[in-house]
Amino acid sequence: MKISTLLILFVLIQIGCISGRYSIQYSDFIVRGKKFNHLIERRIPDYGDGLRDGCVVLNEISMELEMLTEDIISGKVLDSTTKESMLFTKVRLFPSDKSRSIAVVTDSIGHFEAELSSKVIKIQAEYVGYRLFEADLTKIKQGKLLTRNKRQSGLPPS
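In the numbering used here, the protein residues as written are 139 to 296.
In case anyone wonders, no lab produced these hints; they're calculated from the structure.
Model, not experiment: these values are computed from the prediction.
List of simulated lysine to aspartate or glutamate pairs, EDC-like, C-alpha gap at most 20 angstroms: (1) Lys214 to Glu251; (2) Lys260 to Glu198; (3) Lys228 to Asp217; (4) Lys228 to Glu179; (5) Lys228 to Glu204; (6) Lys214 to Glu198; (7) Lys228 to Glu264; (8) Lys228 to Glu253; (9) Lys260 to Asp235; (10) Lys236 to Asp209; (11) Lys214 to Glu253; (12) Lys172 to Glu272; (13) Lys228 to Asp166; (14) Lys260 to Asp166; (15) Lys173 to Glu272; (16) Lys228 to Asp245; (17) Lys228 to Glu202; (18) Lys172 to Asp217.
Make the full structure from the sequences, and use the hints.
Following this line, the structure appears as structure tokens:
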């Protein structure tokens with residue numbers, strides 16, 4: 139009886155650690171309508187026994203960055219598969235001046251916004267049951283790609 143129980147347990151663990159059996163919708167990082175997936179760190183999961191992401195296949199987080207200037211960042215966090223907004227997701231911002239990271243939580247429609255004291259070089263999003271989303275912002279030319287013009291921001295044109 140013990141041997142059969144151990145054998146069944148072993149088989150279940152092995153089946154659970156084979157990532158090829160799962161259809162995974164990878165994370166997307168969208169900046170003003172364009173995909174910047176190459177900026178996502180560890181975009182492709184490393185599932186398996188003893189590997190970085192372990193045996194439990196987790197859902198994936200996607201992010202749409204709407205605005206990034208020297209003093210403000212805003213965006214939306216989404217489930218990669220369903221594209222539904224993720225409410226109350228923790229978003230961490232890492233400034234270039236190596237000061238403490240800033241943590242904000244998405245609102246009831248998955249939106250976040252934060253005021254900045256220095257340029258953000260990395261952004262993370264985390265939620266229970268999801269893999270950590272992490273993107274490198276150092277490769278984005280912030281002035282060209284992300285700064286809203288006055289019309290988009292709701293300010294009157296000069």
